[in-house]
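Participant: Go by the hints and put chain B onto chain A.
Residue numbers (UniProt numbering), protein chains in the order written: chain A, 1 to 356; chain B, 1 to 281.
FYI, nobody ran anything at the bench for these hints, they're computed from the structure.
No experiment lies behind these values; they were computed from the predicted model shown.
Where hints are given, some of them may not hold.
[Stated by the list, open to error] Per label pair, the in silico range of CB-to-CB distance:
hint : chain 1 : residue 1 : chain 2 : residue 2 : range
1    : B       : Leu73     : A       : Ala122    : 43 to 51 Å
2    : B       : Ala127    : A       : Gln79     : 54 to 62 Å
3    : B       : Arg74     : A       : Glu130    : 52 to 60 Å
Beta carbons: idealized from backbone N, C-alpha and C, even for Gly.
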Amino acid sequence: MAETETRTRTGTTTRTAVRLEAVTKDFGAVRAVDAVDLTVHEGEFFTLLGPSGSGKTTLLRLVAGFEQPTAGRIELAGQDVTATPPNRRDVHTVFQDYALFPHMSVEQNVAYALTVRGVRKAERLARAREALTTVRLDGFASRGPAELSGGQRQRVALARALVDRPAVLLLDEPLGALDLALRQEMQTELKELQRTTGITFLLVTHDQDEALTMSDRIAVVRDGRIEQTGPPVEVYERPATAFVAGFVGTTNLLRGEAAVRVVGRPGTYSIRPERILLTDPAEPPAAASADGRRTVTGRITDIVHAGAHTRFTIALPHGDRLTVHRQNLTGLPQSARPDGEIGLSWDERDAFPVPS
Amino acid sequence: MPAAPTPGSRLRLTALLAPPLLWLTLAYLGSLAILLLSAFWATDSFTSDVVHTWNTDNFHELLTTPVYRTIALRTLSIAVAVTVIDALLALPMAFVMARIAGRRWRRPLLVAVLTPLWAGYLVKAYAWRVMLGEDGVVGAALAPFGLHGPGYGTTAVIVVLAYLWLPYMILPVYAALERLPERMLEASADLGAGAWRTLRSVVLPAVRPAVLAGSVFTFSLSLGDYLTVQIVGGKTQLLGNVIAAQVTLDLPMAAALSAVPVVLIVCYLAAVRRAGALDSL
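Pulled out of the complex, with its shape left as it was, chain A reads as follows:
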C-alpha cells in the first residue's frame, strides 16, 4: 500500500532536478566515485545512504561544484553544469559543521546569498527574517553564531541555504552533530520544510533511520557505486544486494548450506528479524506450514532488551543463528527465556532472495 503511494508520488514528478551521467572522481590513485548514474526528480527528497568512505559526500560535493569530476557529466535542471563553478550553480549546501560565518550576525549570515546578489537592504532583511521564521528562529537575528546551540546553528544554516530558494538544497549529514532527541525532531522538521517549500532536497547520511524516515527515494552507495535506488519501503523490503540488506536495517543473511537448511532452498536469502514470529515449540509445525509459512525450532542463546523491542538470538540445530526482534507486547511464549526451546515461524515470502 505504502509502496504504490510512493511510486505514484515520484511518478508524477517528471522534471529532472539533478542528473549524473557516468560520473567518476579519482583522488590520486583512489577512485571515490565510480561511473555513477543518478537522477533526482524535481521536488523530491532524495537521500544518498552509505557507510563512511563510500563516496556519498564526494557525490554531493560534485553536485555543489566543490569537486570537478574526472569523467562524466553533471546536469542541473537539464543544463550541463559540469564546468560551472559553485557560485553559478542554483544549489545551496547545508554543511555538516554548518560553516556559519563567525564574524557575521545570524541575520547577516542568512542574508549572505542576497547580499552577494546585490538585493536592496530592506528587502534583504525582510527575506532573512522570513527565512528565520520558517526555521522557527524569530528573535535571534542579531545574535552571533557563537551564542547559539548546535540545534540553533543547524537552523541558521538551513535558513541561510533556503533564503533565496535554490532549485536544489544539498545537505551533508546535517543532523550528525545533534543528540538523538533533537535529531528525531529535526528529521520531522526537515521533511516538513521540504514539503512546504517544494525545493528538491539531496541529503547525504550514513544513518539508515534518517534515510528511511525522510526520503522519497534512497540511493544506497558503496565503494563509489550505487547499489540500489528506490523508495524506502522497496530498499528495505526488497534489497537488491546482500550489502543493502545488511546496511539498511539489520537482517539475517543466509547463504549456501545454511540457506538450504533454514529457508529450504539454495541461494542467498535475507529475513528481517521482525518478520520472524516466536511460537510455542509444542505447537505442531504442520498447521502453520499450510498457509505458506516456514517453521523451525531452536534454542534461545541471548535476550537483549532494547526498549520498544527485545532482541533474541536463537541457535538452530546445525549451528545456524537467527536474530529475532519482537515488539514488547504481552503474550510471550512460556519458553522465551534464556536457554529455552522456542519455535520460529515466518512467511516464506519474507525470506527474500538477494544476489550474493
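Facilitator: For chain B alone, kept in the frame of chain A given last:
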C-alpha cells in the same frame, strides 16, 4: 570539587613566579620608570652633566620646538607607511602559503620567510646599503625602465624597515589564514559569491585581528628603530637617532624624547585592543 591550594602548593607557586616577576619589576619596569624620571632632570649645558633639579623644561622644549614636531611626525608617518606596506605584502604572501601552496611547498615557503630573521640585523641593513648604493642592484634593475634607485633617504628607510619587519606581519596572517576553515570559503562560493566577494566578506574579516596583531610589531619596531636610518637614511632624522645622538650630550632631553614613541605605542595598543586584535597574539 576543585581542590583548594594547599600551603605547600602555594609556596611552590610563589617560588616559581618570584624570580621572573622580580626581573620584570626591577629590570624592565624599573628602567622605564627611571627613564621617565630622568626626563624631568636638567643638564649643565657647559659640562653635559645631569643636574638633579626637578623641572619640565625638556617637555616644554619638545612641544614648542618645530624640529622635534617635524621629526616625530616623520617617524610616525614612516611607521604607518611600513605597516601598510607590510600588510599589503603579507596578505597575498600568507594567502599563497596557507591556501594555494600544497603541503610540499608550504614548509619551504615558511622557512624562506623565517630565514631572514636568523640573519643579523646589521648584516641585512648593510646589504640594503650596498643594494641601494650608487652602483647597487636596485639602481641597475630600475635603469632599463628609465628609473633611478631611491638612493639613501626616507624612501630607503621605508623600504628597508618594511623588509626587516615583514616576517612579523606574515606569520600571524599566515596562522589566521591557515586556521580559516576551507568550509568557510566553500560556503561563500556556494551562496553565490565570486572570489573577490569571498575575499572581502569572509577572508579579510577573518584575518583582520591577525593583521592588527602583526601591525603592533611593524609599527612599534619602526618607531623605535635608529640603526636603519643611520645606515640607509642619508640625512633623514628620526626619533630613534635623535635620541641616540642626545644620550651622550643631554640625557634628560633624550629621555623626554623617548617618551614620545612610548606614548604613541601605548595609544596604538589601546586602539588595537579595542579592535580585539590582542586576543589573537
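Participant: Run through the hints listed earlier and report the numbers of any the structure violates, in increasing order.
Facilitator: Nothing - there is no hint that the structure violates, so all of them hold.
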